[in-house]
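> So you can see what is in the structure, the chains are spelled out below.
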Amino acid sequence: MTTTTASAGTGERTVPESSPGAARGPRRTGRTRRIGLPYLLLLPALVLELLVHLVPMAIGIVMSFKELTQFYIRDWSTAPWSGFGNYRISVDFNAPVGDALLHSFLVTVGFTLLSVGLCWLIGTVAAIHMQDTFRGRGLLRALFLVPYALPVYAAVITWVFMFQHDNGLVNHVLHDQLHLTDEPSFWLIGNNSFVALLVVSVWKGWPFAFLIVMAALQNIPRELYEAAALDGAGLWQQLRRITLPSLRSVNQVLVLVLFLWTFNDFNTPYVLFGRAAPEAADLISVHIYQASFVTWNFGAGSAMSVLLLLFLLVVTGVYLLGTSRGRKTADA
Amino acid sequence: MPSTSYAPRSPMAPPRSFLWSRRIFLTLLTGFVLVPVYVMVSSSLKPLADVSGKFRWLPSGLTIRPYIDIWSTVPLAKYFVNSLIVAGSATVCSVGIAVFAAYAVSRYDFRGKRVFTVTVLSTQMFPGILFLLPLFLLYVNIGNATGLALFGSRGGLILTYLTFSLPFSIWMLIGYFDSVPRDLDEAALVDGCGPLGALIRIVVPAAIPGIVAVAVYAFMTAWGEVLFASVMTNDTTRTLAVGLQGYSTLNDVYWNQIMAASLVVSVPVVAGFLLLQRYLVTGLTAGAVK
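First to last, the sequence lines map onto chains Y and Z.
Start counting the first sequence at 2; every next residue gets the next number (this note's numbering).
Start counting the second sequence at -1; every next residue gets the next number (this note's numbering).
If you are wondering where the hints come from, they were derived from the structure by calculation, not from laboratory data.
Owing to the predicted nature of the structure, the values given are computational and were not obtained by experimental measurement.
Warning: the hint list may mix true and false statements.
Sample of chain Y residues lacking proximity to chain Z, with all beta carbon distances greater than 10 Å (derived) [said to hold, decoys possible]: (1) P39; (2) L47; (3) E50; (4) Q71; (5) F85; (6) L114; (7) T159; (8) M163; (9) N168; (10) L170; (11) H173; (12) L189; (13) A216; (14) F294; (15) V295.
The list that follows gives simulated cross-link-like pairs (lysine to aspartate or glutamate, EDC-like), each with its CA atoms no further than 16 Å apart [claimed, not checked]: (16) Z:K52 / Y:D93; (17) Z:K76 / Z:E184; (18) Z:K52 / Y:D177.
Glycine included, C-beta positions come from ideal geometry on N, C-alpha and C.
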């Protein structure tokens, strides 16, 4: 809230006769210096973002058109051009490479939808339950943030231990104590690995949704609830008419951020399964990593990365357009 | 409180069904959150036999042996120092650079401002795997051309990590700086401070909570990163993210030591985060609400 008004204020404060970069100050320093200063301040950030993100991204796009195998790593510019060859291999769903990529993509989509949905749901329900103060609320909130604060590898490695076939907690509880399964199950290989990945991902991810929704709930004026209660609105109605609509703009950003983070997540599957992810939990990041570093075919890996980027750009664009329009009609 | 629920309630008191749903839901959730934490803590105090055989909720005996052995099974101290150097340097650089950039965006109007903020923020959204390969090649080639060892060195990792936290840090700091009244730095300008003087003497001290929050975020990001650490480090520069996997040998997996080591590497970040979470929340939501 504060940020919008403040940046609107920036516009008003601009001195008309020197519109770009008008540092308002009665002291007259050189005009060029006043204009140059903001750029100078941005320069380090800009150079670093260029060096580590944008230039490599551009290189990656170039690489995707090259036949970049291990022989050309030392001097990648000498690798021969291959046109759309890498892309053709990546999207040829009848051949093994394309088929595996498509499978990995579908697994990732399913996994991401489930994980984001559950993270959002648990986070929101928890935040709503903790909207009013009660004894132990502060402690509980700190506790709930622990999974988010733990370093990924430390948390995931603990789950690896819990999912062990012979000495893990999960099999001990499900098989030995509750007798739900006939045999102890394998969790980190085979089809169960999808469930394992989902549980770990939700365990790590929901506190972020909780954190954001919780903070957003504090911004809802209490008078709204008091007025609604006096008018006889029950808890459900208050939730539907006040709480959820107030969360709309926060949810728009939150869901998008969760989606992108989950879709691109590499750390969780990599620590959970190691280099070779089981087929049922073959997330796209690990898949591309495998395709690139195991076969040392960077050209194909880059082509897959570019396709992934395009997909994410389209989804983000459509999502932002769709949700913004939804917001406007809802406001009108 | 069942006793009060018979008395006429104020309009704000939640109904009993809500209290029960709160109790049940929050209890279940606490269990879900705490079980892995309990496993980590309790297993780190168990003898090896307890973690090699069937899982047991209670240790057969408590021992601090794993906490002694972790330092010799793998060179944990070295990894720890590497992680500290990398995450610490990345944090300092990232916060410094973000302060300048956020100040420019918050206090000046200039051409390309929107393009800058959108571009920088959008880099946060791109898959790490996309620039891992080119960055790997870029570092190797810069190394070959100039002798500047970026690949495999701490410097390369610091450079990479600081750009990871930079976009979010800038975003959060813009929100914080915007909330510092402009009159303050304008007064400083009148008093003869340059713009940089106003930033360092007035704006930065007023935004200390935000800067602390950003620092915690930057440190956590660098401390927990696995992908680039697994590709861009070698034996001497290995960080905890990769080093922790060294406890599983072909013959034995020292689960008690792994849990002890996980706990040791988690304590600094979790403690820091929990102490400073209030600031982080404010910063995150200032951005999210925008």
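> What hint numbers does the structure not satisfy?
Hint check: 1, 2, 3, 7, 8, 9, 10, 11, 13, 14, 16 and 17 fail, others pass.
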